[in-house]
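Participant: In case you want the letters, here they are:
2 protein chains.
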Amino acid sequence: MTEEHVQQEATEEQPEPEVDDRLLRLAADFENYKKRAARERHEYVALANERLIAELIPILDDLERALDAAEEHQEAQLEEGVALVHRSLAGLLERHGLSSIETEGRFDPHVHEALLSQPSDAEEGSVIDVVQKGYRLGDRVVRPARVVIAAAPPVPEEEPRGDA
Amino acid sequence: MTEEHVQQEATEEQPEPEVDDRLLRLAADFENYKKRAARERHEYVALANERLIAELIPILDDLERALDAAEEHQEAQLEEGVALVHRSLAGLLERHGLSSIETEGRFDPHVHEALLSQPSDAEEGSVIDVVQKGYRLGDRVVRPARVVIAAAPPVPEEEPRGDA
Numbered sequence: 001m002t003e004e005h006v007q008q009e010a011t012e013e014q015p016e017p018e019v020d021d022r023l024l025r026l027a028a029d030f031e032n033y034k035k036r037a038a039r040e041r042h043e044y045v046a047l048a049n050e051r052l053i054a055e056l057i058p059i060l061d062d063l064e065r066a067l068d069a070a071e072e073h074q075e076a077q078l079e080e081g082v083a084l085v086h087r088s089l090a091g092l093l094e095r096h097g098l099s100s101i102e103t104e105g106r107f108d109p110h111v112h113e114a115l116l117s118q119p120s121d122a123e124e125g126s127v128i129d130v131v132q133k134g135y136r137l138g139d140r141v142v143r144p145a146r147v148v149i150a151a152a153p154p155v156p157e158e159e160p161r162g163d164a
Numbered sequence: 001m002t003e004e005h006v007q008q009e010a011t012e013e014q015p016e017p018e019v020d021d022r023l024l025r026l027a028a029d030f031e032n033y034k035k036r037a038a039r040e041r042h043e044y045v046a047l048a049n050e051r052l053i054a055e056l057i058p059i060l061d062d063l064e065r066a067l068d069a070a071e072e073h074q075e076a077q078l079e080e081g082v083a084l085v086h087r088s089l090a091g092l093l094e095r096h097g098l099s100s101i102e103t104e105g106r107f108d109p110h111v112h113e114a115l116l117s118q119p120s121d122a123e124e125g126s127v128i129d130v131v132q133k134g135y136r137l138g139d140r141v142v143r144p145a146r147v148v149i150a151a152a153p154p155v156p157e158e159e160p161r162g163d164a
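Chains as they are written, first to last, in my numbering: chain A, 1 to 164; chain B, 1 to 164.
Misleading hints may appear alongside valid ones.
Note: identical chains are not told apart, hence a pair may lie in one copy or across any two.
[What the hints assert, rightly or not] Subject to a maximum C-alpha distance of 20 Å in a straight line, what follows is the list of computed EDC-like cross-link-like pairs (lysine to aspartate or glutamate):
| hint | residue 1 | residue 2 |
| --- | --- | --- |
| 1 | K133 | E50 |
| 2 | K133 | E113 |
| 3 | K133 | E104 |
| 4 | K133 | E55 |
| 5 | K133 | E94 |
| 6 | K133 | D62 |
| 7 | K133 | E102 |
| 8 | K133 | D61 |
| 9 | K133 | D108 |
Honestly, the hints are just simulated from the structure, not real lab data.
Just chain A, same shape as in the assembly:
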């Protein structure tokens, strides 16, 4: 469609034949490039997913072996299996750029989500408990860490209030 449109316009103006040709050729190249780029985008996504999925298959295998061990009540093997699967999956995710969000120190609203604040001996506003681990993929937070933070210390009530 766009190609035809370009051709028509070019004809109306009657320019030098070589330039007209070059304009048409460039327009056609551009169109072909656009089509190829759209096709490749799909292929790249499929390929990217395929690699990750192929890496997950051995983990599924290990899980199935662990399930078999569970069925046969081979507890030691089951525990080993779960530890193996965990190492494999954590390693795979790390290789693909996933890292866990640090929760030591002060609450950081960019990477933490405060579920509640509790009175604590810790400094006000510091993270005192992690309810759910958070993760970054590269620089992006894919899931904030859900944490409990230290509240302000309660106001001391020892002093007599005078006419109470």
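Place chain B on chain A using the hints.
Facilitator: Using the frame of chain A, we list chain B on its own:
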């Protein structure tokens, strides 16, 4: 670089100014499009992976809970945890187009890999055991099923061989 090249050639031929302009504009658009397409390809791949990775995080959570149960020797919870993780991962992979390769019936070199053949009552060339499950992603075999196939029945040796 390509833009400059196009400009130079166009100048040498001294064509109608409007067409020359249009050629230059189209060449510049083409260049910009190429750059954007390359950038988007990277973003698409990153985004595709990011979705899959985000889906894997809850599975990692469940695995960690299963590991905690293992440490505390809560066997029932450990078994439940492993079954849950298996269901989640298998479901995720299925949603992303993974399916296991059928191994009933005849050996099929397109989807099966024969590890060995064994004498068997089954029909010669049929699959009699699966050593490792195989998988397809969409139409593509990402891993063939590794199988044992039925060998030809042994030649009966009951008949007397005459002058042996």
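Participant: Compare the structure with each hint and give your call.
Facilitator: Right, here's what the structure says about each hint:
no. : hint        : in the structure
1   : K133 x E50  : between (27 Å within a copy, 17 Å between copies)
2   : K133 x E113 : within (10 Å within a copy, 42 Å between copies)
3   : K133 x E104 : within (12 Å within a copy, 44 Å between copies)
4   : K133 x E55  : between (24 Å within a copy, 15 Å between copies)
5   : K133 x E94  : within (15 Å within a copy, 26 Å between copies)
6   : K133 x D62  : between (24 Å within a copy, 12 Å between copies)
7   : K133 x E102 : within (9 Å within a copy, 39 Å between copies)
8   : K133 x D61  : between (26 Å within a copy, 8 Å between copies)
9   : K133 x D108 : within (14 Å within a copy, 46 Å between copies)
Violation of the numbered hints given earlier is absent; every hint is satisfied by the structure.
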